[in-house]
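S.K.: Taking the UniProt record's numbering, the leading residue of the sequence shown gets 1, the next gets one more, and so forth.
The hints are simulated quantities; they were obtained by calculation from the structure and are not laboratory data. Beta carbons are placed, not taken as given, at the ideal position from N, Cα and C, and that holds for glycine. Mixed in with the good hints there might be a few duds.
Claimed, not checked - As a list, the in silico DMTMM-like pairs of lysine to aspartate or glutamate whose alpha-carbon atoms are at most 25 angstroms apart: (1) 469 to 483; (2) 490 to 93; (3) 139 to 9; (4) 141 to 479; (5) 42 to 52; (6) 44 to 116; (7) 441 to 140; (8) 435 to 478; (9) 454 to 402; (10) 490 to 479; (11) 435 to 93; (12) 42 to 116; (13) 317 to 327; (14) 435 to 367; (15) 42 to 100; (16) 139 to 351; (17) 430 to 185; (18) 137 to 478; (19) 469 to 479; (20) 463 to 378; (21) 467 to 116; (22) 439 to 426; (23) 435 to 108; (24) 430 to 90; (25) 97 to 110; (26) 109 to 462.
Said to hold, decoys possible - Listed next, with one range per pair, are the computed distances between beta-carbon atoms: (27) 33 to 83: 38 to 44 angstroms; (28) 83 to 41: 41 to 47 angstroms; (29) 375 to 41: 32 to 38 angstroms; (30) 46 to 22: 33 to 39 angstroms; (31) 466 to 41: 39 to 45 angstroms; (32) 121 to 338: 46 to 52 angstroms; (33) 351 to 487: 51 to 57 angstroms; (34) 71 to 485: 28 to 34 angstroms.
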Amino acid sequence: MERALLQGERQAELEQIEAETEIINQLQRKLSELESTIQREKDKERANVDAEREALERLQDGYNELTSQLHNCPESLREQLQEQLKREAETLEAVTKQFEDLEFQQLEKESSLEEERETISQQLLQDRAQYHCSIAKRKEKVAALESQANQLGIQAAQECERLAKDRSMTLQLLQKEKERLANLERRYQSLTGGKTFPKSSNTIKESPLMVVNSTGSLPRNLAATLQDIETKRQLAQCQWEALHGSQTQLNSPFSSTSGPVMHHSILHHTAPSSGEQPYDTLSLESSDSMDTSISTGNNSACSPDNMSSASGMDALKIEEMEKMLKEAQLEKARLIESRERETQARKLMLEEERRRREEAEKRLQEETVHRQQLIEKEVKMRAKNFSQARPMTRYLPIRKEEFDLRSHIESSGHRVDTCYHVILTEKMCKGYLVKMGGKIKSWRKRWFVFDRLKRTFSYYADKHESKLKGVIYFQAIEEVYYDHLRSATKSPNPSLTFCVKTHDRLYYMVAPSAEAMRIWMDVIVTGAEGYTQFMN
């Protein structure tokens with residue numbers, strides 16, 4: 001039964017493992033669906049931007065064609081073409097601004113989609129890791145249950161083997177008793193002239209069931225053996241009755257004094273009178289001793305040790321088997337109690353571990369809140385003492401000609417290969433940034449080029465680098481730091497805004513991602529040759 005309980009618990013654990021595996025598959029499908037959804041959104045936005053770019057290029061081509069016609073047209077049509085060219089220029093400027101706004105919105109939406117994907121992915125991956133851990137623990141529990149079931153099977157096999165040995169020994173004893181009974185019958189027939197053993201049905205029916213009742217808790221084969229022994233005893237009693245009836249014929253060749261001696265030797269007391277019932281305490285061993293004494297001439301006496309030896313041996317075996325059964329039951333109770341103690345101890349350990357984990361999580365949460373408060377307090381102090389605030393410049397400018405910019409950035413811990421917003425080589429760094437204008441505080445997307453060979457930080461209208469919008473020389477760059485005070489006016493993404501301070505002005509720039517912002521800051525600071533305070 002205990003093995004069946006273990007099998008049931010093992011089956012329940014396997015079902016839980018299967019259910020959690022299905023949950024992990026569902027989480028994986030959610031991750032795939034999230035990736036595909038975000039990619040579709042990106043493709044849709046990029047398609048809109050490409051369509052607007054094509055429309056802008058068509059307007060630009062029309063404007064260029066009108067310009068060429070203006071140079072070649074006669075004077076009579078020049079004024080009309082100039083008006084048309086002016087209208088085309090205004091339309092082109094409005095469409096260009098609209099395209100730039102759309103492109104910036106697309107960039108901002110991609111950034112928000114990336115943040116959303118990263119947040120949801122982290123949550124799903126965390127859930128999947130928890131389920132993997134749970135499955136591993138359940139597999140360990142299933143292995144432990146299988147080990148316990150195997151041990152119970154081994155114990156059951158050993159118990160069956162022991163019972164088989166006991167049964168074999170009991171059958172051997174039964175066979176010996178049958179052989180002794182057969183010898184007794186043959187001797188009786190030889191003494192009585194071929195008469196068969198009388199079988200008194202009344203005597204057998206009157207045999208008490210005390211032996212069977214007293215051994216109700218013993219094995220069935222042992223109870224049958226004791227029943228057989230009792231039957232033999234009563235057959236020996238019938239023998240005594242037959243011998244008592246034919247006493248005259250049996251004692252005729254001998255002296256008259258030998259009869260009482262024989263009776264005394266058989267029953268250990270004087271013979272009963274004719275009106276008395278025969279003794280019912282004669283055992284199988286006593287009847288065997290009786291016919292032995294008759295066959296030897298009625299001169300030998302049965303000793304009390306021979307009469308009670310077999311019955312004493314049976315009693316000892318019965319007591320020994322009862323003792324072994326009691327020991328087996330005690331051992332089983334002890335094993336059950338030990339298993340219950342182990343289960344209770346395991347539960348206590350799990351409760352203690354859960355309590356410690358909850359306390360650790362609570363302390364971590366309190367520490368996080370405390371650190372956040374300290375950070376907010378520090379930011380407020382920086383706002384009060386802004387004039388004394390030190391820029392968040394991580395490195396000093398590097399002027400060596402053999403300097404490898406890409407190796408330097410990678411050694412700083414950045415993963416350049418996974419950041420597709422930045423193109424980084426040994427001497428140059430390129431990519432889109434959104435810059436705030438100097439006079440008109442409007443934000444426009446520009447193509448920035450950091451060139452260590454020319455020692456300039458330039459920005460263009462687009463990545464074709466055909467229309468230069470501005471240039472910053474390395475000697476003018478003083479500081480590069482993160483805009484932690486949120487001082488940029490109407491920044492499209494304050495969390496991705498950083499500052500480049502020069503002798504003339506302060507540039508505010510917004511990167512397309514957090515990794516791109518960190519790379520740009522570490523790149524620009526290598527050319528901050530205007531930062532001369534460290535020389536003092």
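S.K.: Regarding the pair residue 435 and residue 93, is the alpha-carbon distance no greater than 25 angstroms?
M.R.: holds, 19 angstroms
S.K.: So the hint says 51 to 57 angstroms: do the beta-carbon atoms of residue 351 and residue 487 match that?
M.R.: holds, 53 angstroms
S.K.: Below or equal to 25 angstroms on CA atoms is what counts here, so check residue 435 against residue 478.
M.R.: holds, 18 angstroms
S.K.: Does residue 97 pair with residue 110 here, judged by a C-alpha cut-off of 25 angstroms?
M.R.: Holds: residue 97 and residue 110 sit about 20 angstroms apart, inside 25 angstroms.
S.K.: Determine whether the Cβ-Cβ distance between residue 83 and residue 41 falls within the hinted range of 41 to 47 angstroms.
M.R.: holds, 43 angstroms
S.K.: Holds or violated: are the alpha carbons of residue 490 and residue 479 at most 25 angstroms from each other?
M.R.: holds, 22 angstroms
S.K.: Quick one, are residue 44 and residue 116 close enough, alpha carbons at most 25 angstroms?
M.R.: holds, 17 angstroms
S.K.: Does the hinted range 33 to 39 angstroms hold for residue 46 and residue 22 at CB?
M.R.: For residue 22 against residue 46, whose Cβ atoms are near 36 angstroms apart, the range 33 to 39 angstroms holds.
S.K.: Within a Cα-Cα threshold of 25 angstroms, do residue 490 and residue 93 meet the stated pairing?
M.R.: holds, 23 angstroms
S.K.: Mind checking the alpha carbons of residue 467 and residue 116 for me, to see if they're no more than 25 angstroms apart?
M.R.: violated, 35 angstroms
S.K.: For the pair we were handed, residue 454 and residue 402, check the Cα-Cα distance against 25 angstroms.
M.R.: holds, 14 angstroms
S.K.: Can the restraint linking residue 469 and residue 483 be considered satisfied, given a maximum Cα separation of 25 angstroms?
M.R.: holds, 23 angstroms
When the structure is compared with the earlier hints, violations turn up for hints 4, 7, 14, 17, 18, 20, 21, 22, 24, 27, 31 and 34 and for no others.
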